[in-house]
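Could you put the whole structure together from the sequences, leaning on the hints where they help?
In order, the protein sequence lines correspond to chains H and C. So for the first sequence, the numbering used here puts the first residue at 152; every next one is plus one. So for the second sequence, the numbering used here puts the first residue at 152; every next one is plus one.
Just so you know, the hints here were simulated from the structure itself, not pulled from any lab data. Note that the structure is predicted; figures quoted are calculated from it, not measured. We treat Cβ as the ideally placed atom computed from N, Cα and C, and that holds for glycine. Incorrect hints may appear among the rest.
[What the hints assert, rightly or not] Where chain H lies over chain C, by a calculated footprint (3+ residues, C-beta under 8 Å): (1) 156 to 162; (2) 168 to 175; (3) 179 to 186.
[Unchecked claim] Derived CB-CB ranges, DEER-like: (4) H:Ala299 / C:Ala219: 40 to 50 Å; (5) C:Met373 / H:Pro242: 26 to 36 Å; (6) H:Gln184 / C:Gln296: 24 to 34 Å; (7) C:Arg278 / H:His273: 28 to 38 Å; (8) H:Leu311 / C:Ser264: 52 to 62 Å; (9) C:Ser176 / H:Arg182: 21 to 31 Å; (10) H:Arg337 / C:Leu311: 50 to 60 Å.
Number of protein chains: 2
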Amino acid sequence: MNKVIGIVGGVGPLAGLDLQQKIVSQTIAGRDQDHLTVLGVSRPSTIPDRTEYLLGQVAENPATALAAQVQLLAQMGAQVIGIPCNTAHAPPIWDVLRAELAGCPVQLLHMISEVGRFLHEHYPNVRQVGILSTTGTYRAEVYPQVLAGLGFTAVTPPALMQESLIHPAIYHPEHGIKSCGRVTERARQDLLVGVAALQAQGAQAIILGCTEIPLALTERQMGDTPLIDPTLILARALVREADEGKLRPYAC
Amino acid sequence: MNKVIGIVGGVGPLAGLDLQQKIVSQTIAGRDQDHLTVLGVSRPSTIPDRTEYLLGQVAENPATALAAQVQLLAQMGAQVIGIPCNTAHAPPIWDVLRAELAGCPVQLLHMISEVGRFLHEHYPNVRQVGILSTTGTYRAEVYPQVLAGLGFTAVTPPALMQESLIHPAIYHPEHGIKSCGRVTERARQDLLVGVAALQAQGAQAIILGCTEIPLALTERQMGDTPLIDPTLILARALVREADEGKLRPYAC
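Printed below as a string of structure tokens:
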């Protein structure tokens, strides 16, 4: 019996759809009926911005609203759940979320631990891992902390580049991907500068650590460096937990 | 207070995601938190193929499984619900679905009636409406029957063209959109032949009456003929019912 997948959407709304589309693309299926059961809840109005919370700009921890969505999914029958938002995995949010879910009988996957597991399996020689992310994820050191526990060393852009190029590629009111609802040429160019900087700093793989970044950097590899899309890895992990026999081989 | 939107997904899995993406694109929003609440259930393994049912190839009416998904969405809190599958709106399925939902306190939108309403509002001079669809929708005369009640005359391709070009563009094992999971050049070319034939038969607007067809014909207009995407119209109707103030103006 397959497990039912649940998706906490709305963080942001397109990231939940991106995850669900990747679940479809990573599933071995010849017709509609072969696809896995997926339940989705997208209630964005209730979830404070994760980055703003980590940066101290809003007081309410998004963990409470995220926990309510996980609980609703569990009531509906979801058994294995993912949250396609890197920043939500920062310990100040994730740890509170886990605590609020004490006793809730669902399997909540941790996207960033899944990325570490994936790197071990597919790129066993990689030790130095570059991270492109929002400044919230950057300052909270979400990836460095989790990856250190898995034997990796994280490489992040210099602070000035992070503030002036990487974060604005996502959030800038005029050219940021979130604000524009699409990838602007400026956003892609600025992220490419980030990729080159991380390569120069010794990154052997680069994690596109914000759900908007893979929209701008769609390549699976740049030069010798694999680019890792955590949403894709989370999709694969959800398919694996739901029905491992239906997981497509990973295409580099 | 906004209404909560529910989506019966899985018919097919990508159509539900397409509808949800169009809800996002048709909503006036400046940040994640401005978007509407959307609940989705995609349980494709339980829903018999709608076209196969109408063609007598499977005995079980998909209405029962669809009703179960509507009821689950209602239990989760959905108040206005859409089903992004043209064939499910054929009376032999839809009428049974409505009967199974007697007493269920949700507003279930009828995608094809919404298309008629949209044509009246945006193209008031149109009377002859061309239809591209699966052979199940074609033989069940889903669009001709519903549109006739709204004052339109439906124009459909000749039977031979329907069987040999239009239906295979969606279902053919080697070049059909459903089988390939993407739009092949052959599928697009065959659908373009259908558009030209309907124009020659006097169609003043053409309905892309299967959720896969707008993936191949992304133009909003061909020559003087508007192409109508029922999934987009259903998305707009759901936004209108949830919170009319958030509905974007229609861009031709």
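- Query: Between Arg337 (chain H) and Leu311 (chain C), does the C-beta distance stay in 50 to 60 Å?
  - Reply: holds (52 Å)
- Honestly, do Ala299 (chain H) and Ala219 (chain C) meet the 40 to 50 Å range at C-beta? holds (47 Å)
- Item | Status of the given 21 to 31 Å range, CB of Arg182 (chain H) versus CB of Ser176 (chain C) | Holds, at about 28 Å.
- Honestly, do Met373 (chain C) and Pro242 (chain H) meet the 26 to 36 Å range at C-beta? violated (54 Å)
- Measuring from beta carbon to beta carbon, are Leu311 (chain H) and Ser264 (chain C) in 52 to 62 Å? Check passed, 57 Å falls within 52 to 62 Å.
- Item | Annotated coverage of the region 179 to 186 of chain C by chain H, confirmed only when three residues or more have a Cβ within 8 Å | holds (count 6)
- Is the distance from the Cβ of Arg278 (chain C) to the Cβ of His273 (chain H) consistent with 28 to 38 Å? violated (59 Å)
- Hint check for Gln296 (chain C) and Gln184 (chain H) - Cβ pair distance inside 24 to 34 Å: holds (27 Å)
- Item | Coverage claim, chain H over the region 168 to 175 of chain C, checked by counting residues with Cβ within 8 Å (three needed) | Our answer is that it holds, as 4 residues pass the Cβ test (under 8 Å) against chain H, meeting three.
- Are three or more residues of the region 156 to 162 of chain C within 8 Å, CB to CB, of chain H? It holds: at least three residues are needed, and the region 156 to 162 of chain C offers 3 whose Cβ sits within less than 8 Å of chain H.
In terms of the numbered hints stated before, the structure departs from hints 5 and 7, listed from lowest to highest.
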